[in-house]
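Our numbering applies: residue 272 is where the sequence shown begins, and numbers increase by one.
These are computed hints drawn from the structure, not numbers from a lab.
There could be a bad hint or two in this list.
[Claimed, not checked] Restraint ranges, calculated between C-beta atoms of paired labels, are given here: (1) R519 x I640: 54 to 62 Å; (2) Q643 x G516: 40 to 48 Å; (3) P448 x D399: 54 to 62 Å; (4) R333 x G370: 27 to 35 Å; (5) G660 x D589: 48 to 56 Å; (6) R336 x R494: 20 to 28 Å; (7) T685 x D589: 15 to 23 Å; (8) R368 x I640: 21 to 29 Å; (9) D410 x A684: 53 to 61 Å.
Where a beta carbon is used, it is the ideal one built from N, C-alpha and C, also for glycine.
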Amino acid sequence: MAEPDSLEANARSPLRAWAASGAMALTGRAGGAPCATPGRPASAVAESLWQFEQTTTARSGRQPRLPGVGLLGERAAIAGFTRRGPASCGGAFRTVRTGDGWLGLSLPRATDIELIPALVERPALEADPWETVARWAHDVPTAEAARRVALLGLAGGAVPGDGLDSRAAVEITELGPRRHRRERPLVIDLTVLWAGPLCAHLLGLGGAQVIKVESRSRPDGARFGPPAFFDLLHSGHSMVEVDFGYQRDVDRLRALIADADLVLESARARALRQFGIEAADCVADGTSWLSITARGRASNTVGFGDDIAASAGLVVADGDDRLPCGDALADPLTGTCAAAAASEALLADRARLIDISMLHVAAEVGTDIPEQHAVVRTDNGWLVETADGRFPVVPPVRRRVPGRAKGIGADNATVFGARP
Numbered sequence: 272m273a274e275p276d277s278l279e280a281n282a283r284s285p286l287r288a289w290a291a292s293g294a295m296a297l298t299g300r301a302g303g304a305p306c307a308t309p310g311r312p313a314s315a316v317a318e319s320l321w322q323f324e325q326t327t328t329a330r331s332g333r334q335p336r337l338p339g340v341g342l343l344g345e346r347a348a349i350a351g352f353t354r355r356g357p358a359s360c361g362g363a364f365r366t367v368r369t370g371d372g373w374l375g376l377s378l379p380r381a382t383d384i385e386l387i388p389a390l391v392e393r394p395a396l397e398a399d400p401w402e403t404v405a406r407w408a409h410d411v412p413t414a415e416a417a418r419r420v421a422l423l424g425l426a427g428g429a430v431p432g433d434g435l436d437s438r439a440a441v442e443i444t445e446l447g448p449r450r451h452r453r454e455r456p457l458v459i460d461l462t463v464l465w466a467g468p469l470c471a472h473l474l475g476l477g478g479a480q481v482i483k484v485e486s487r488s489r490p491d492g493a494r495f496g497p498p499a500f501f502d503l504l505h506s507g508h509s510m511v512e513v514d515f516g517y518q519r520d521v522d523r524l525r526a527l528i529a530d531a532d533l534v535l536e537s538a539r540a541r542a543l544r545q546f547g548i549e550a551a552d553c554v555a556d557g558t559s560w561l562s563i564t565a566r567g568r569a570s571n572t573v574g575f576g577d578d579i580a581a582s583a584g585l586v587v588a589d590g591d592d593r594l595p596c597g598d599a600l601a602d603p604l605t606g607t608c609a610a611a612a613a614s615e616a617l618l619a620d621r622a623r624l625i626d627i628s629m630l631h632v633a634a635e636v637g638t639d640i641p642e643q644h645a646v647v648r649t650d651n652g653w654l655v656e657t658a659d660g661r662f663p664v665v666p667p668v669r670r671r672v673p674g675r676a677k678g679i680g681a682d683n684a685t686v687f688g689a690r691p
């Protein structure tokens, strides 16, 4: 069952859900009041968790114990993040003014910083990266700035972006009859960072057997973040390491996928295709496949939770700034949405190819102005006052981590040894 912050109640009251989630406490300027978000992201998370709970119970006959909307703030609780607008609470994202709007940009990696001279068309980086980007963007049209960001493979885009109604958030194609109907579905998790692993985590809470597969040369980058957060999402999962330069390892992975009920993947489609692994072929053979990408499988652009949410319009207007909402908001929005879609696939008669666009998941929560309210400071913290009453702005809270996640490749012998 869900945690005490009732999923149904939070689905009905977007502002109350936002205040209860920990994400409101992460939204706003450092030292300023916490801010309400446009749209209804916390309510959307509550709805996805409720849908997941219903379909998982229908499949297994057991009601899973799930987190509530507080999962929106638990990475920040573990990492010690606070609101720090106009930057994201993690520090890697911010918006800058363009000649006719705003551009959102994430620079989480050293390799991203190295691309700034190319972005601004200068021979070298001569100042702080963000100052350099802000000066360049100020006189550049938003569309041109976004085009250059995409051309260089950086994560970002116009705020809000274009094409928000160009497709559904979740697109499903049914193909071959499902090969397996296990009591504990076998889920192969090829995803990284937060959205996909959150989906895998929820499926694990729902009784699935989860095997996480990582590349030997490029393990999940979340392993290098707060260990407790990686443990939270991956405790209890088997860990497999694959060397994609070694044909026997690729063949083993293909066999593992063929035996699975469901594959979770968060790479661009071409990444696995070069190794002869084609999602549509796997689905035709009876294994469901769920793909999470920044803007859908047809797009080659990249994105992280903060810049995707901003491109979907989930920002707070504050003077001439656009402040990010929550912590990498598109990640938990997408992870819970994906879990609901995955659980439905495990009930279906035919295998499904599920194409999830993070941008369109975030866009579907809307950008409606929050209900009339005031945010006031008291001796006990921040309160939201509305016509219907007062309620607290809950700080980010971490769940108890049930155990340590295993090391990369810890289960290679067990998993691959049991298969040809």
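Tested hints:
The supplied range of 54 to 62 Å is met by R519 and I640, whose beta-carbon atoms lie about 57 Å from each other. Remark: the range hint 40 to 48 Å for Q643 to G516 is contradicted by a beta-carbon distance near 59 Å. Here the CB-CB span from P448 to D399 is close to 57 Å, well matched to the stated 54 to 62 Å. Separation of R333 from G370 is about 56 Å and departs from the stated range, judged on CB atoms against 27 to 35 Å.
As the Cβ distance of G660 to D589 is approximately 26 Å, the hint placing it in 48 to 56 Å is violated. In this structure, R336 and R494 meet the distance hint of 20 to 28 Å, their C-beta atoms being roughly 26 Å apart. The hint said 15 to 23 Å for the Cβ distance between T685 and D589, and at roughly 52 Å that hint is violated. Taken as a hint, the range 21 to 29 Å holds for the pair R368 and I640, whose Cβ atoms sit roughly 22 Å apart.
Between D410 and A684, the C-beta spacing of about 59 Å keeps the proposed range 53 to 61 Å intact.
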